[in-house]
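If you want the building blocks of each chain, they are given just below.
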Amino acid sequence: MKSLEDLKKMREEALKRVEMREGDKDYRVVVGMATCGIAAGARPVLNRLVEETAEKSYNCTITQTGCIGMCVYEPIVEVYGKDGEHTTYVHVNPEKASEILAEHIGKGHVIDEYTVNAVQNQGV
Amino acid sequence: MMEDLAMHMIEIIMNSIHANSRNISIRILDSKLQNTIRMTIQDDGKGMSEEFVKKVTDPFTTSRTTRSVGMGLAFMKGLTEQCAGDFTIESTLGVGTTLTASVQKDHIDTPPMGNIGSMMMQCIQADENIDFVLEYKTDSNEFLFRTVDIREQLEGVSMLEPSILLWIRSYINEGIEQAKEEMR
Numbered sequence: 011m012k013s014l015e016d017l018k019k020m021r022e023e024a025l026k027r028v029e030m031r032e033g034d035k036d037y038r039v040v041v042g043m044a045t046c047g048i049a050a051g052a053r054p055v056l057n058r059l060v061e062e063t064a065e066k067s068y069n070c071t072i073t074q075t076g077c078i079g080m081c082v083y084e085p086i087v088e089v090y091g092k093d094g095e096h097t098t099y100v101h102v103n104p105e106k107a108s109e110i111l112a113e114h115i116g117k118g119h120v121i122d123e124y125t126v127n128a129v130q131n132q133g134v
Numbered sequence: 624m625m626e627d628l629a630m631h632m633i634e635i636i637m638n639s640i641h642a643n644s645r646n647i648s649i650r651i652l653d654s655k656l657q658n659t660i661r662m663t664i665q666d667d668g669k670g671m672s673e674e675f676v677k678k679v680t681d682p683f684t685t686s687r688t689t690r691s692v693g694m695g696l697a698f699m700k701g702l703t704e705q706c707a708g709d710f711t712i713e714s715t716l717g718v719g720t721t722l723t724a725s726v727q728k729d730h731i732d733t734p735p736m737g738n739i740g741s742m743m744m745q746c747i748q749a750d751e752n753i754d755f756v757l758e759y760k761t762d763s764n765e766f767l768f769r770t771v772d773i774r775e776q777l778e779g780v781s782m783l784e785p786s787i788l789l790w791i792r793s794y795i796n797e798g799i800e801q802a803k804e805e806m807r
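Going down the list, the sequences are from chains A and B. Numbering-wise (this note's numbering), the first sequence opens with residue 11 and increments by one. Numbering-wise (this note's numbering), the second sequence opens with residue 624 and increments by one.
Just chain B, with the same shape it has in the complex:
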């Protein structure tokens, strides 16, 4: 079910959303030269204590109240281990959390990138008032998406308008495809 990187990332982003973040940035480095895909998710949410960070990748650790297991971080950490990458979480109570996960780009177990446009659409649907930034970088190119820019254009019309959500999804996927193409 966690068949692509986008699915892993949305799990992590949902944690950031539930931590009452106002700003969430998602940075993806997709580098052939370094043979790595590095995903960094940074938020300004409530953060975690040092003690909680230590046990947070345990599937039986969760702050949620609806059930007692939380798999998102455990899955992401497992993926990085399986795909010869790295996994770090830095967090400060009251300041926010930065998670970095990398995988070896050409590792046989590294899943495809997945639908990043759909991932961002879901983020906005979870809370349209959060300022999301998506940065997708290859060796020679970069695509940047910021919800503040969208909001500025929309002047008060909600990003939750279905036609606008769908536009955002294709806008992002086109931008990423273009960044990839120029890399070849």
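If we strip away everything but chain A, and leave its shape as in the complex, we get:
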């Protein structure tokens, strides 16, 4: 059975991780979780992102937002870098979410083919 005391230990661990990488998280990952996003399958995407980030200690926080206004492209995942630039990934599923974490957050490589620009250019 879990107790609030567990949090003390988790707090220490979190602080250690922050010290190791000297400062704040590099990336913020935002998932659109309005009705349109959820209907398109954003919940498993959000769960995958949180679980893998916890497991592999990726340098990012995962948050959620409402409707981004491009419902046809949901599930949408936006990745914000430290200097404010952002990449919009569309039609994301749990597998693509894992790839985005590994490539974009892990190595700093944008996966162009999953971005909204790529999909719009294909006329989908």
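Check the hints yourself; a few may be wrong.
As a list, the in silico DSS-like pairs of lysine-lysine whose alpha-carbon atoms are at most 30 angstroms apart [said to hold, decoys possible]:
#1 B/LYS677 / B/LYS728
#2 A/LYS18 / B/LYS803
#3 A/LYS12 / B/LYS655
#4 A/LYS19 / A/LYS92
Read the hints as simulated data drawn from the structure, not as lab findings. From a predicted model like this one, the values you see are computed outputs, not experimental measurements.
Model the placement of chain B on the given structure of chain A, informed by the hints.
Coordinates of chain B only, in the frame set by chain A:
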């Protein structure tokens, strides 16, 4: 897609979050004796005018600017009608909104409770600075979760730490399971 009560509730809670609430409480009464599940979501957000409340369950009413339909309240109201329950909204501009929705617990159309831990995780991810309170009550038991308690333990570490979010999700689900078990 709205396959459980948790999904219906998150829609309503998102409304509260977008109304700039600082405190949001979610109270769930899961009673065999009364044969009812009652969900109350109370916020201290910007509230709605009487006029807006009257038309707010219309799917083509929304305050959002990204699109012109808003289904959350319409779905919730539809669910309560389908499952022999009640639906009320009380709101005061500048004070906040309280929504109460109930369904008959053993009604054939009443969906399962769903993943309340996941629902609360999403709430925190939407805005970790809001004080959320979750109260889950059965006939003989009660589980209480408050983000203020979590924040106190964390002393400045963010609840958005993925390991902490996952802990919160299981903590809540365990607490609810335990409250249910003792009811049997």
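Handout entry: Pairwise hint evaluation, B/LYS655 against A/LYS12, where the allowed Cα distance is 30 angstroms at most
Key = Status holds; Cα separation ~27 angstroms.
Handout entry: Proposed proximity, A/LYS92 with A/LYS19 (alpha carbon, max 30 angstroms)
Key = Distance of about 28 angstroms is within 30 angstroms: holds.
Exercise for the section: Verify the proposed pairing of A/LYS18 with B/LYS803, using a straight-line Cα cut of 30 angstroms. Expected result: With a Cα-Cα distance of about 28 angstroms, the restraint between A/LYS18 and B/LYS803 holds, given a limit of 30 angstroms.
Handout entry: Given hint B/LYS728 paired with B/LYS677 - CA-CA distance at most 30 angstroms
Key = The given pair, whose Cα atoms are some 27 angstroms apart, holds under the 30 angstroms limit.
Taken one by one, the earlier hints all hold for this structure without exception.
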